[in-house]
Amino acid sequence: DAMVIQNPRYQVTQFGKPVTLSCSQTLNHNVMYWYQQKSSQAPKLLFHYYDKDFNNEADTPDNFQSRRPNTSFCFLDIRSPGLGDAAMYLCATSRGTSGMTDTQYFGPGTRLTVL
Amino acid sequence: DQQVKQNSPSLSVQEGRISILNCDYTNSMFDYFLWYKKYPAEGPTFLISISSIKDKNEDGRFTVFLNKSAKHLSLHIVPSQPGDSAVYFCAASGSRLTFGEGTQLTVNP
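One line per chain: the protein sequences are S and V, in this order. Just so we're on the same page, my numbering is the position in the first sequence counted from 1, plus 35. Just so we're on the same page, my numbering is the position in the second sequence counted from 1, plus 587.
The following block holds chain S by itself, in its conformation from the complex:
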């Protein structure tokens, strides 16, 4: 009964080689989020989509991009991964009916390693 699915669970890429992480949801939620979490740190919001409306956080590097082709899918593209981008990437969804106070539902995450 997976509701927020992330693929792959583990991704290894080379320094500077573009990589795409995938998230899909079966909840039909309006909002999809991407977070970056480094070891022993709080998850950090990178950006979110409210339907097709993209909202970037002010401190998210340009190296990170996102696409949401439809309600169910959202992608995180890292154009030129650096060693500092190695982290767990978490996708989350929410209904969007109460703005950002909605409960968010998380996927299992993708662990990115940069060699």
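These are calculated hints, taken from the structure and not from any lab test. It cannot be assumed that every hint is accurate.
A few chain V residues that don't get close to chain S, going by computed Cβ distances all over 10 Å [what the hints assert, rightly or not]: (1) Asn594; (2) Arg604; (3) Phe652; (4) Asn654; (5) Pro666; (6) Gln668; (7) Gly670; (8) Ser672; (9) Pro696.
The calculated DSS-like cross-link candidates involving lysine-lysine, where the alpha carbons are at most 30 Å apart (straight line), are [unchecked claim]: (10) V:Lys592 <-> S:Lys73; (11) S:Lys87 <-> V:Lys658; (12) S:Lys87 <-> S:Lys73; (13) V:Lys658 <-> S:Lys73; (14) V:Lys658 <-> V:Lys643; (15) S:Lys52 <-> S:Lys79; (16) S:Lys52 <-> S:Lys73; (17) S:Lys87 <-> V:Lys655; (18) V:Lys658 <-> V:Lys641; (19) V:Lys592 <-> S:Lys79; (20) V:Lys641 <-> V:Lys592; (21) V:Lys592 <-> V:Lys658; (22) V:Lys643 <-> S:Lys52; (23) V:Lys592 <-> V:Lys655; (24) V:Lys643 <-> S:Lys87; (25) V:Lys643 <-> V:Lys592; (26) V:Lys641 <-> V:Lys655; (27) V:Lys655 <-> V:Lys643.
Glycine included, every Cβ here is placed at the ideal spot set by N, Cα and C.
Using the hints provided, position chain V relative to the given structure of chain S.
What follows is chain V alone, placed relative to chain S:
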């Protein structure tokens, strides 16, 4: 600027006793607070929440207390069970969700 802080990176409790996890925040505009639980190799799962108009919310073994004047919330788990062993994140909602760094709870049989 860490607006949500969990000052205890870890907590160890005996099975059957109470676990108390603490969280402090600095932004008085936060109006909704949540606790998430995270097992290894899984994403955070929602546990319990509280609105800023309340000071207590209870759901089974889990109770969250909010002290707005102190900008402090806590999660009480009683009785604690070994399956509760996980990382617990508090999160505060204003214009977006802001997470603390997490507390690793270990419940010993």
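Hint check:
Chain S leaves Asn594 (chain V) outside its interface by the beta-carbon criterion, the shortest separation being 13 Å against a cut-off of 10 Å. Consistency note on Arg604 (chain V): stated as away from chain S, and its beta-carbon is indeed over 10 Å from all of that chain's, at 26 Å minimum. Against the 10 Å criterion, Phe652 (chain V) stays outside the reach of chain S, whose nearest CB is about 19 Å from its own CB. Distance check on Asn654 (chain V): its Cβ is at least 20 Å (rounded) from any Cβ of chain S, clearing the 10 Å threshold; non-interface status holds.
Every C-beta of chain S lies more than 10 Å from that of Pro666 (chain V), the closest at about 26 Å, which supports listing it as non-interface. Listed as a non-interface residue, Gln668 (chain V) keeps its Cβ farther than 10 Å from every Cβ of chain S; the least gap is roughly 22 Å. For Gly670 (chain V), the shortest C-beta to C-beta distance to chain S comes to about 18 Å, beyond the 10 Å cut-off, and the non-interface label holds. Every CB of chain S is more than 10 Å from the CB of Ser672 (chain V) (nearest about 17 Å), matching its label as outside the interface.
No beta-carbon of chain S is positioned within 10 Å of the beta-carbon of Pro696 (chain V); the least distance is around 26 Å. Of the supplied pair hints, the one linking Lys592 (chain V) and Lys73 (chain S) holds, its CA atoms being roughly 16 Å apart against a limit of 30 Å. Between Lys87 (chain S) and Lys658 (chain V) the CA atoms are separated by roughly 35 Å; this puts the pair beyond 30 Å, and the hint is violated. A threshold of 30 Å between alpha carbons decides the hint, and for Lys87 (chain S) with Lys73 (chain S) the separation of about 28 Å falls inside it, so the pair holds.
Only pairs whose Cα atoms come within 30 Å are accepted, and Lys658 (chain V) paired with Lys73 (chain S) is accepted, the gap being roughly 26 Å. Straight-line distance between C-alpha atoms of Lys658 (chain V) and Lys643 (chain V) comes to about 14 Å, which keeps the hinted pair within the 30 Å bound. Taking the CA atoms of Lys52 (chain S) and Lys79 (chain S), the gap is near 23 Å; set against the 30 Å cutoff, the hint holds. In summary, the hint linking Lys52 (chain S) to Lys73 (chain S) is supported, as the alpha carbons are separated by about 20 Å, within the 30 Å threshold.
Taking the CA atoms of Lys87 (chain S) and Lys655 (chain V), the gap is near 36 Å; set against the 30 Å cutoff, the hint is violated. For a cut-off of 30 Å, the pair hint linking Lys658 (chain V) to Lys641 (chain V) stands: about 13 Å separates their Cα positions. Our distance criterion of 30 Å between C-alpha atoms is met by Lys592 (chain V) and Lys79 (chain S), whose separation comes to about 14 Å. Only pairs whose Cα atoms come within 30 Å are accepted, and Lys641 (chain V) paired with Lys592 (chain V) is accepted, the gap being roughly 21 Å.
At roughly 11 Å between alpha-carbon atoms, Lys592 (chain V) and Lys658 (chain V) fall within 30 Å of each other, so this suggested pair holds. Annotation: proposed proximity of Lys643 (chain V) to Lys52 (chain S) is violated, straight-line Cα distance about 49 Å (limit 30 Å). Among the hinted pairs, Lys592 (chain V) with Lys655 (chain V) is consistent with the structure: their alpha-carbon atoms are about 15 Å apart, no more than 30 Å. Straight-line distance between C-alpha atoms of Lys643 (chain V) and Lys87 (chain S) comes to about 37 Å, which puts the hinted pair past the 30 Å bound.
Taken as a hint, the Lys643 (chain V) and Lys592 (chain V) pair is honoured in the structure, with Cα atoms around 20 Å apart against an allowance of 30 Å. Between Lys641 (chain V) and Lys655 (chain V) the CA atoms are separated by roughly 9 Å; this keeps the pair inside 30 Å, and the hint holds. Under the criterion of a C-alpha separation no larger than 30 Å, the hint pairing Lys655 (chain V) with Lys643 (chain V) is consistent with the structure, at around 11 Å.
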